[in-house]
Amino acid sequence: MDINWANVFEISSLLKCFIVGGLICVIGQILIDKTKLTPARILVIFVTTGAILGGLGIYQYLVDFAGAGATVPLTGFGNNLAKGAIEAVKESGLVGAFTGGVKAAAGRNCGCRFLWLHRSTYFKA
Amino acid sequence: MDPLESKKTYQDYVDKKSPNSKILKNCFNAFWVGGLICTIGQVILNICKERGFDTQTSGTIVSILLIGISAFLTGLNLFNKIGKFAGAGSLIPITGFANSIVSPAMEYKSEGYVMGVGGKMFTVAGPVLVFGISASILVGIIYLIFNTQSVTLV
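Going down the list, the protein sequences come from chains W and B.
Using the working numbering, read the first sequence as starting at 1 and increasing by one per residue.
Using the working numbering, read the second sequence as starting at 1001 and increasing by one per residue.
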């Protein structure tokens, strides 16, 4: 299949992605330097923030604007969970709230868990 | 000297001695490394879109590839070096999440596969998943009650 490389390396989308993704990381860096939060807590804060912003529908604007710049950081993971939950609630009501988030992130989670298991098998600490 | 005062003087002493973490430099490094990782993701995303995947599928492919790469780099011990240099720049993107799972998994391999690798894998990622999924359940329930997203949009 032909790939139009001009579209792949479209400079404006890459630039937006770079700046937004970078800024999200800077927020994390400021949290690390200025507070005594451990990295694990910062990850939790980012995921939860993403889920809340996703639930409010705000995060979707950022995704539309920056593409991978908004979905690759962990806030995008939270947004994915929240979006999945909302989709599932539309389909199947209350049960959807419990199944939806995990279902949306399943590809990411399960595929990766398999990878993780393999990596740990191949490499020594 | 009473204990409280000595504690305070000790704290002052520590503050004076411990090197100031150069926040501006750290932020700059975090910015460009984080931005670069996201840009790699965007390139993969664009390629997926060119080949005709929808947005949701492309997003999943991007995260699986990035996680695969970072898990591989963690295995080669390269990711720790990037992490030391970039701080949050490699922690906040999904790559840091993968790293947080692979490194304990490798570390506890000596304790066996079931309780070592399987059990310790989620020491860091466990809370992230628990709180993320809990938040998504709450979002779902709130959505169910109010039945619209725009209620909360100001």
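For the record, the hints were derived by calculation from the structure and aren't laboratory data.
Beta carbons are placed, not taken as given, at the ideal position from N, Cα and C, and that holds for glycine.
It cannot be assumed that every hint is accurate.
[To be verified] With beta-carbon atoms standing in for the labels, derived distance ranges:
hint: 1; chain 1: B; residue 1: Arg1051; chain 2: W; residue 2: Val95; range: 33 to 43 Å
hint: 2; chain 1: W; residue 1: Asn4; chain 2: B; residue 2: Ile1145; range: 20 to 30 Å
hint: 3; chain 1: B; residue 1: Leu1078; chain 2: W; residue 2: Thr38; range: 39 to 49 Å
hint: 4; chain 1: B; residue 1: Arg1051; chain 2: W; residue 2: Gln60; range: 16 to 26 Å
hint: 5; chain 1: W; residue 1: Ile3; chain 2: B; residue 2: Tyr1113; range: 23 to 33 Å
hint: 6; chain 1: B; residue 1: Thr1123; chain 2: W; residue 2: Phe9; range: 35 to 45 Å
hint: 7; chain 1: W; residue 1: Glu91; chain 2: B; residue 2: Asp1015; range: 34 to 44 Å
hint: 8; chain 1: W; residue 1: Val95; chain 2: B; residue 2: Gly1118; range: 22 to 32 Å
hint: 9; chain 1: W; residue 1: Tyr61; chain 2: B; residue 2: Tyr1010; range: 40 to 50 Å
hint: 10; chain 1: B; residue 1: Met1115; chain 2: W; residue 2: Arg41; range: 36 to 46 Å
[Said to hold, decoys possible] Restricting the straight-line Cα-Cα distance to at most 16 Å, the calculated cross-link-like pairs of lysine to aspartate or glutamate (EDC-like) are:
hint: 11; chain 1: B; residue 1: Lys1025; chain 2: W; residue 2: Glu10
hint: 12; chain 1: W; residue 1: Lys34; chain 2: B; residue 2: Asp1015
hint: 13; chain 1: W; residue 1: Lys103; chain 2: W; residue 2: Glu91
hint: 14; chain 1: W; residue 1: Lys16; chain 2: W; residue 2: Asp64
hint: 15; chain 1: W; residue 1: Lys36; chain 2: B; residue 2: Asp1015
hint: 16; chain 1: B; residue 1: Lys1049; chain 2: W; residue 2: Glu10
hint: 17; chain 1: W; residue 1: Lys16; chain 2: W; residue 2: Asp33
hint: 18; chain 1: B; residue 1: Lys1049; chain 2: W; residue 2: Asp33
hint: 19; chain 1: B; residue 1: Lys1084; chain 2: W; residue 2: Glu87
hint: 20; chain 1: B; residue 1: Lys1120; chain 2: B; residue 2: Glu1107
hint: 21; chain 1: B; residue 1: Lys1022; chain 2: W; residue 2: Asp33
Item to check | Hint numbers contradicted by this structure | outcome: Structure breaks hints 2, 3, 5, 7, 10, 11, 17, 18, 19.
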